[in-house]
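These are the residues of each chain, in order.
Protein chains: 2
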Amino acid sequence: MNKIVETTIEADPKLPIIRLTRDFAATPAQLLRAHTDPEIFVQWSGPDSLTNTIDYWDARTGGSWRYVARRGDEEYAFRGTFHEVGPERIVQTFTFEGQPEGVALETLWFEDLGDGRTRLHAQSLVDSFEGRDAWLRSGMEVGVNEGYAKLERLATEHKI
Amino acid sequence: MNKIVETTIEADPKLPIIRLTRDFAATPAQLLRAHTDPEIFVQWSGPDSLTNTIDYWDARTGGSWRYVARRGDEEYAFRGTFHEVGPERIVQTFTFEGQPEGVALETLWFEDLGDGRTRLHAQSLVDSFEGRDAWLRSGMEVGVNEGYAKLERLATEHKI
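In the order they appear, the protein sequences are chains A and B. Number 88 in the UniProt record's numbering belongs to position 88 of the first sequence; there are no gaps in the numbering. Number 126 in the UniProt record's numbering belongs to position 126 of the second sequence; there are no gaps in the numbering.
Just so you know, the hints here were simulated from the structure itself, not pulled from any lab data. All of these numbers come straight from a predicted model, not from anything done at the bench. Cβ atoms here follow ideal geometry from the backbone N, Cα and C, with glycine treated the same way. A couple of the hints might just be wrong.
Said to hold, decoys possible - Not the full set, but computed from the structure, chain B residues with beta-carbon under 8 Å of chain A:
hint : residue
1    : T53
2    : D55
3    : P87
Said to hold, decoys possible - Short, incomplete list of chain B residues facing chain A, as computed with Cβ under 7 Å:
hint : residue
4    : G62
5    : T81
6    : H83
7    : V91
8    : T93
9    : V103
10   : L105
11   : H121
12   : L125
13   : D127
Stated by the list, open to error - If you anchor each label on the Cβ, the simulated ranges turn out as follows:
hint : chain 1 : residue 1 : chain 2 : residue 2 : range
14   : A       : P47       : B       : Q99       : 33 to 43 Å
15   : A       : P87       : B       : G102      : 27 to 37 Å
16   : B       : S128      : A       : A77       : 52 to 62 Å
17   : B       : T156      : A       : T51       : 48 to 58 Å
In isolation and in its complexed conformation, chain A is listed as follows:
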């Protein structure tokens, strides 16, 4: 029987921030690769029912990215810039093109737990509590949990 590993999803009480935390059977370098190598990224990000296609992807400090997630005729496009891509952390902007006014500033870092395990910290900062809370109510935890389960599987199958 598989142990279900849930992601901790926290809304900061004082700041318009969502924080995700999840432990992986992967090294920090593997998690960095999973977030920067487009061929790996498309295999795990988002819910199982969507298929990702990269439009453009330049995972360097100062680069930019865009991908499209599809389910049948449905299309959801996401885009942003990479403000910083380093071994310690990734800082990037994020917009869902269906809501082009909204921009999140995302910071990801990888806490080495030893023994090939790493805690992923992902922080999303937006400019209103209303926007943050609407996102939390949108069912985003399905994509987060299914996505991270795929990422964990890629790591344990040595595909990262």
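The hints should help you fit chain B onto chain A, whose structure is shown.
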């Protein structure tokens, strides 16, 4: 005698945001150019005592930028990405390299007041109130006010 036009600098009480507002004798298109054309930008941004030099500057959605401000032997470098550059607004990231951990998400928009006047709105979002308030206490209003006075002068002298 010149009328001194001050910039309104507001700290949001609930959000880690600084908002700048200032009226200019310029059109929205001129203000957009002043923020995207590097040859114009270096002439006005920041306090009078610093001289700006562009390192790189690609003011398109998905582009990135870096410039260095110098006073004698002192050097202050700033860099970021352009998340969105459009006629309606500019969304960009901002880091002062002397404090590389800090990243602000900046949104600028240009409210047409008619008669060749425009209200500039600039919002800086960061991920802590401490960081926001330290920035407010840093004397940043000198650079803001002196910079915007130069921008106003460029507009009235038809140099934008």
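Right, here's what the structure says about each hint:
Because the beta carbon of T53/B sits about 18 Å from the nearest beta carbon in chain A, more than 8 Å, this interface hint is broken. The closest approach between the C-beta of D55/B and any C-beta of chain A is roughly 11 Å, which is over the 8 Å cut-off, so the hint fails. At about 14 Å, the closest approach between the beta carbon of P87/B and any beta carbon in chain A exceeds 8 Å, and the interface hint on this residue is violated. Hint status for G62/B relative to chain A: holds, with the closest Cβ pair at about 3 Å, below 7 Å.
Hint on T81/B holds. Least Cβ distance to chain A is approximately 4 Å, under the 7 Å limit. A cut of 7 Å between beta carbons decides the hint on H83/B: the least distance to chain A is about 4 Å, and the hint holds. The beta carbon of V91/B comes within 5 Å of a beta carbon in chain A, closer than 7 Å, and the hint placing it at the interface holds. Interface hint at T93/B: satisfied, since its Cβ lies 4 Å from the closest Cβ of chain A, which is below the 7 Å cut-off.
The interface hint given for V103/B holds, since its Cβ lies 5 Å from the closest Cβ of chain A, which is under the 7 Å cut-off. For L105/B, the interface hint holds, since its Cβ comes within 7 Å of a Cβ in chain A; the closest pair sits about 4 Å apart. Proximity of H121/B to chain A is violated relative to the hint, the smallest CB-CB distance being about 13 Å (cut-off 7 Å). With its C-beta approaching chain A no nearer than about 5 Å, L125/B sits inside the 7 Å limit, and its interface hint holds.
At about 5 Å, the closest approach between the beta carbon of D127/B and any beta carbon in chain A falls short of 7 Å, and the interface hint on this residue holds. Hint check: P47/A to Q99/B, Cβ distance near 38 Å, so the stated range 33 to 43 Å holds. Taking the beta carbon of each, P87/A and G102/B are about 19 Å apart, not inside 27 to 37 Å as hinted. Separated by about 31 Å at the C-beta atoms, S128/B and A77/A break the suggested range of 52 to 62 Å.
Between T156/B and T51/A the beta carbons are some 55 Å apart, a value that agrees with the proposed interval 48 to 58 Å.
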